[in-house]
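Listed below, chain by chain, are the residues.
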Amino acid sequence: MVKFDVRNLSVRFGAFNALKGITIRVNANEILAIIGPSNSGKTTFLRTLNRMNELERAAIMSGTVELDGTPINAISAEALRKRVGMVFALPLPLPLSIFDNAAYGIRMHGGKSKQAVREAVEKALKQAYIWDEVKDRLGESAFKLSGGQQQRLCIARTLAVEPEVILFDEPCSGLDPISTAAIEEAMLKLKSVYTIVLVTNNVKQAARVGDRTAFFLMGDMVEIDKTDKIFTAPSDKRTGDYIMGKFG
Amino acid sequence: MRKIKEFIIEKLILLCGVASIIFVVLILLFLLNEGLSLFKDIGPYEFVSGKKWYPISEPPQLGILPLICGSLLVTLGAAIISIPIGVACAVYIAEVAPSWIKDILKAGIELLAAIPSVVLGFIGMVTLSPLIKSVFNLPTGLTALSGSIMLAFMAMPTIVSIAEDALYAVPKSYKEGAFALGATHWQTIWRVILPAASPGILAAVMLGIGRVIGETMAVMMITGNAAKIPDGFLQPVRTLTATIAAEMGEAVVGSEHYFALFAIGLILFIISFIINLTADLFLHRKERR
Amino acid sequence: MKNSKTTQKIAFFFLLLATLLIILPVGLIVVIIVVKGLPAISWSFIFDMPKDGMRAGGIWPAIVGTICLVAGAVLFALLIGVMAAIYLSEYARDNLLTRIIKLAIVNLSGVPSVIFGLFGLSLFVVFLKFGSSIIAGSLTLGIMVLPIIIAASRVALESVPHSFREVSLSLGASKWQTIRHIVLPNAIPGIMTGTILEIGRAAGETAPILFTVAAFYLPHLPGSIFDQAMALPYHLYVISTQVPNVDEKIRYGTALVLLILVLFVNLVAIIVRSKFRKKKKW
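Protein sequences, first through last, are from chains B, R and V. So for the first sequence, the working numbering puts the first residue at 7; every next one is plus one. So for the second sequence, the working numbering puts the first residue at 405; every next one is plus one. So for the third sequence, the working numbering puts the first residue at 55; every next one is plus one.
One chain only, chain B, in its complex shape:
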């Protein structure tokens, strides 16, 4: 089943062409990994899917992006972002307590009793493998957590609003190997329920968790295929060179 259907997507920031006519389908309940050197348009692609690019005033977009067959521009930005959650490159807790961080999205969407919020927060924290570490200190400031804990809290915060798709933007870029492993484990568990798009600078991470992998280069998508295929027999020489570390 197709979750996101992206056709001929181009994004321009002023004179800079960030994406040059990308066509991709994201299937439901898969992890699609996107790799490529910096400035190849990976993050721009991700931020198009939940309309975060619109916050940049100079951004101009063309092409179509459909979620479950509906163009994303036909959905309000708030409703779209509730369905398509995002985890940022750096751990970005809000200046609130641990509990309030996890509950933030639910509260903003409203309509849930205190008890329901509490249950949703607990569930999300468990899904992000952080419940045991924070269950006794939910009232403390989120800034007191370590970087890896903060990032898992951010994942829990995204999960708590029960999205359909989660966009990960280099979620482990500043983290130690143990935290990275915990987050990857969470991703693999989550894909039974969610669709995941993972942008990563770490080629090995794509190999570990991606069902399919796309290779982006300077605003173009060079190729997309099963992760095994990309890593063993890429059809484009540049993909192979990048994976081997010859550039990037």
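Rather than coming from a laboratory, the hints here were simulated on the basis of the structure. These figures come from a predicted structure and were not determined experimentally. Among these hints, one or two may not hold up.
[What the hints assert, rightly or not] Calculated lysine-lysine pairs in the DSBU-like style (CA-CA distance at most 35 angstroms, straight line):
id : chain 1 : residue 1 : chain 2 : residue 2
1  : R       : K415      : V       : K59
2  : R       : K510      : V       : K333
3  : B       : K150      : B       : K132
4  : V       : K333      : B       : K141
5  : B       : K118      : R       : K407
6  : V       : K59       : R       : K506
7  : B       : K129      : R       : K407
Following the hints, put chains R and V in place on chain B, whose structure we already have.
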């Protein structure tokens, strides 16, 4: 429901956003409305060049030349005193003073900025004007000179803090470049830093002078308020602002005198408008480029 | 080389001299007011009504009047000022309207205070028929402090990291929710500092209240916001220039009370600022 609430809030925010424009326009409109009523009775030229200000005689004589001269004289005096001292102080704080002294000096400047003008006026009355009276052997110490000194003092915080910001904004590399060529610290300040900071210093001076022209209470208390064209700094003068403040309470609403005071207000408003606009252009010259 | 060193010494000496010419009088002024005003300060001086045409008694109605005026002014300016700052930092695009707003703010901040008095007189007292009253004075003072409150609030709002806004929006919060729950709470310390500083300035201003509220001599407390009131700075002006034969002690005492009031407010602002700086979480 939430959408409607947010729509209303966002419209309210926009309204408050343009409130400043509304207030400036309202101020101008009210000044124009009341001020221009005067010119049904006397010509603008007559008003500005008239040498006699006897607003309560019958018929009233409304010539504001003495007041303009008073304002100019006091402002000129204040500028002569405050510009060199203020800029020198800014240079000292920004470039010369060790950091612990810097903090004390800055606190002192902030303290000066915080003292209400009526308190400074009072202090000027009881300390400065007797001093001037005895030093120059005058019949009264309430003179243009006393006003200039007091006003110079009140312009200092503005001049020092804005000039200091301008000095800090000079890129460090300029200074290092000059040092590398063997210049002394003072040569660097004089030849490199001051010229580079000059637009900001100019803005500081203009805003300081703007403050002086608009200042009311202290001048009213200390300049003697004689509405005649002065010959020098050692005579009592009356400024535009002091005239409004001193006479508006007694002027009958709707009388010529009332309108004349608004016309003076209009002139002051236009002067301050020009000064602030120009200073802002200097301050933001770099950003526009 | 030796010559230029000497030049530098002379130049630095003059710079120091200029600085002392500003700083020493400031200290002197404060010392004079404190030394000469302190003997006047007593319980009854502060809490009694003035008597004998202000030549005796206390200054209580002037203190109360000033507090009422400033409270009204700051409330009014805060309400509009914070919203205006939100508009400028969160909504405004780089267009002509924004430029005109900024221009208006710059201009408003430079308008002489006595002009605000004229404006308040013609709009609130005469046109809207409030008469000479606390509300007219408060609104006039409020408009006067508005530009600084906008500027301080804007700096505070813009110092909240952009990433917080992105996170909140990415979770599906609306723009207003983001402002209300994330941006504003984190900007409050900065807004408070700016506002408290303006309380000090508003408390010391005289010219805007001359014709909009100030009562020359009113030995009782105001009953409503449509009453006239005495005000501390105006009272000082009156007893030092308009009323002959006032005991010097009373003048100095009044000046001291006004000065303490203003400096106390400034001190509070400084404490608030440093306290929140320490607590800052990012």
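Taking the hints in turn, this is what the structure says about them:
| no. | hint | in the structure |
| --- | --- | --- |
| 1 | R:K415 x V:K59 | 63 angstroms, violated |
| 2 | R:K510 x V:K333 | 24 angstroms, holds |
| 3 | B:K150 x B:K132 | 19 angstroms, holds |
| 4 | V:K333 x B:K141 | 24 angstroms, holds |
| 5 | B:K118 x R:K407 | 18 angstroms, holds |
| 6 | V:K59 x R:K506 | 23 angstroms, holds |
| 7 | B:K129 x R:K407 | 30 angstroms, holds |
Violation of the numbered hints given earlier is confined to hint 1; every other hint is satisfied by the structure.
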